[in-house]
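Participant: I would like the entire structure built from these sequences, with the hints used as guidance.
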Amino acid sequence: MSQKLPQHFRKARRYQLNKSSEAILKSGHPWILRGNISSAASVFRDGDRLKLVSGKNEVVGYGIYSSKGPIAIRILQRGPEFSLEMLRKTIANAFEKRKSLETTTDAYRLLHGENDRVPGITVDKYAKTWVVQTYSKGLYGFARLVVRILFSIASENPSSLPLRILMVSPQRMGEGESVKTRFLRGKSPLPIRETVRLKDLRFDAKIPGQKGSFFLDVRNLRTYLLENESLSRNKHCLHLFCHTGLTSLCMAQAGALSVTSIDGSEEVLEEFASQLTENTLQGEFREKSKPVFLRNHELIRSDLFRDWNFLGDRKFGLLVLDPPNLAPNQAALPSAKKAYKNLISKSLEKLEAGGTLVLLSCSGRISDLEFEKIGRETIRSRGWKYGSMLRLPPETDHPVLREFPEGKYFKVHLYLEMNPIEKLEKEE
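Under my numbering, think of the first position of the sequence shown as 1, with each following residue one higher.
No wet-lab data here; the hints were simulated from the structure.
One thing to keep in mind: the hints can contain errors.
Claimed, not checked - The list that follows gives simulated cross-link-like pairs (lysine to any residue, SDA-like), each with its CA atoms no further than 25 Å apart:
| hint | residue 1 | residue 2 |
| --- | --- | --- |
| 1 | Lys288 | His236 |
| 2 | Lys337 | Asn296 |
| 3 | Lys373 | Glu406 |
| 4 | Lys19 | Lys56 |
| 5 | Lys206 | Leu163 |
Said to hold, decoys possible - The calculated label-pair distances, taken between Cβ atoms and stated as ranges, are:
| hint | residue 1 | residue 2 | range |
| --- | --- | --- | --- |
| 6 | Arg382 | Phe305 | 11 to 21 Å |
| 7 | Ala23 | Pro158 | 15 to 25 Å |
| 8 | Ser83 | Asn296 | 48 to 58 Å |
| 9 | Asn309 | Leu333 | 20 to 30 Å |
| 10 | Ser20 | Arg391 | 27 to 37 Å |
| 11 | Ser38 | Asp200 | 27 to 37 Å |
| 12 | Arg391 | Glu102 | 18 to 28 Å |
| 13 | Gly283 | Ser335 | 27 to 37 Å |
| 14 | Lys187 | Ala331 | 39 to 49 Å |
| 15 | Ala353 | Asn296 | 21 to 31 Å |
| 16 | Leu294 | Gly35 | 46 to 56 Å |
| 17 | Asp307 | Ser335 | 15 to 25 Å |
Glycine included, every Cβ here is placed at the ideal spot set by N, Cα and C.
Facilitator: Below is the structure:
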């Protein structure tokens, strides 16, 4: 094969694991946290490739070191030798699994980090643009190697090749100075505009943007809305924390009478509005709680953690609640659970009897079961019942590795046929 190991990959530095970190490696988990390494690791630099040695002085794996953040070592491979061929097979396997998505969309995640056994690196495809993100500056060299291999695999089918590959620094990196946005292949003025498709829907993606451009992990809900039109058809719909509005557009595509979309960011609402009109609406969302009407969409800027009064006594047949990550660290977990309960309670006040409540969470520290418990208990405590509850599994491009429960961060729960208990009792 044409790829060669970069120089710094050929010179791995030796690091002896303690019993705890050796057990972690053997379990299949992709991280060794800083609390599980010794002071001997302080001599390493960001991006150093480490030859991981057991207590018996046997090489048991290879990793990449990060000097900042809670994750000290990301496990690249297990075994006595680092195999470039094994890395290629891992990437090729991930690429092959995504091929079936092309019949539905041309915007999806090509590599999903640890869950695809390529730690700390994601590659997202938006039509003819790939966006590469790393979770640590020290992964930059490894990311370039991964992208070269991925490009080589894609070149076996020329229609899969991107026109450009952009490396951006995710906002979640949180390790001091971030990696400067740069092109790894091709070049275009920034921001890039790509028209992407989801079934019959077209969306103009702005690149770079949050998480590369927009949230690809919500596609399971978007696809479900398009395939189950009865959830939206002839209903007034409410989308809370709407971001750039692709989910709202799916509700409209499915036949909603109207879609009210709310977010706290002036920038993302302007981006959403650009999907609906050719007119420039810069500054239109500066004033909070002021509705902007475009077609059958109503866009409002508001801080939903503080103010819901502007909605008055309006009710909606479909309500989607999709807040940002409320638990960025362990210390924030109690306040995150409280915030979810409060947001769900407020949402119930705006839901029509017989309607559908959709709850989403991207807070990885709150498990699927815990999120379901929060939803069920809040619904019951507020005097509501539901006919059935549905969990949407992640799509092919967001696999979940069994040995890595932290990677199962995204949850979508649908509560169908919601009704106040009081109303049901009267009908009975």
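Participant: For every hint, state whether the structure bears it out.
Facilitator: To see whether the hints hold, each was checked on the structure:
1. Taking the CA atoms of Lys288 and His236, the gap is about 22 Å. The hint holds against a cut of 25 Å.
2. Proposed proximity of Lys337 and Asn296 is contradicted: the alpha carbons are some 34 Å apart, above 25 Å.
3. Between Lys373 and Glu406 the alpha-carbon distance is near 18 Å, which keeps this suggested pair within the 25 Å criterion.
4. Straight-line distance between C-alpha atoms of Lys19 and Lys56 comes to about 11 Å, which keeps the hinted pair within the 25 Å bound.
5. A distance of roughly 16 Å separates the Cα atoms of Lys206 and Leu163; the hinted pair therefore holds under the 25 Å criterion.
6. Checked against the hint of 11 to 21 Å, the pair Arg382 and Phe305 passes, with Cβ atoms roughly 18 Å apart.
7. Look at Ala23 against Pro158: about 46 Å separates their beta carbons, and that is not inside 15 to 25 Å.
8. Between Ser83 and Asn296 the CB atoms are about 55 Å apart, so this pair conforms to the stated range of 48 to 58 Å.
9. One distance hint, 20 to 30 Å for the beta-carbon pair Asn309 and Leu333, holds here, with the actual separation near 29 Å.
10. Evaluation of the 27 to 37 Å hint for Ser20 and Arg391 yields a pass: the beta carbon distance comes to about 34 Å.
11. Taking 27 to 37 Å as the suggested C-beta distance range, the pair Ser38 and Asp200 does not conform, at roughly 57 Å.
12. Restraint check, Arg391 to Glu102: a C-beta distance of roughly 26 Å satisfies the suggested window 18 to 28 Å.
13. Checked against the hint of 27 to 37 Å, the pair Gly283 and Ser335 passes, with Cβ atoms roughly 33 Å apart.
14. At about 42 Å, the CB distance of Lys187 to Ala331 agrees with the hint of 39 to 49 Å.
15. Distance hint check for Ala353 and Asn296: the Cβ-Cβ separation is about 23 Å, which falls inside the suggested range of 21 to 31 Å.
16. Separation of Leu294 from Gly35 is about 51 Å and conforms to the stated range, judged on CB atoms against 46 to 56 Å.
17. One distance hint, 15 to 25 Å for the beta-carbon pair Asp307 and Ser335, holds here, with the actual separation near 19 Å.
Consistency with the previously given hints fails for numbers 2, 7 and 11, ordered from lowest to highest.
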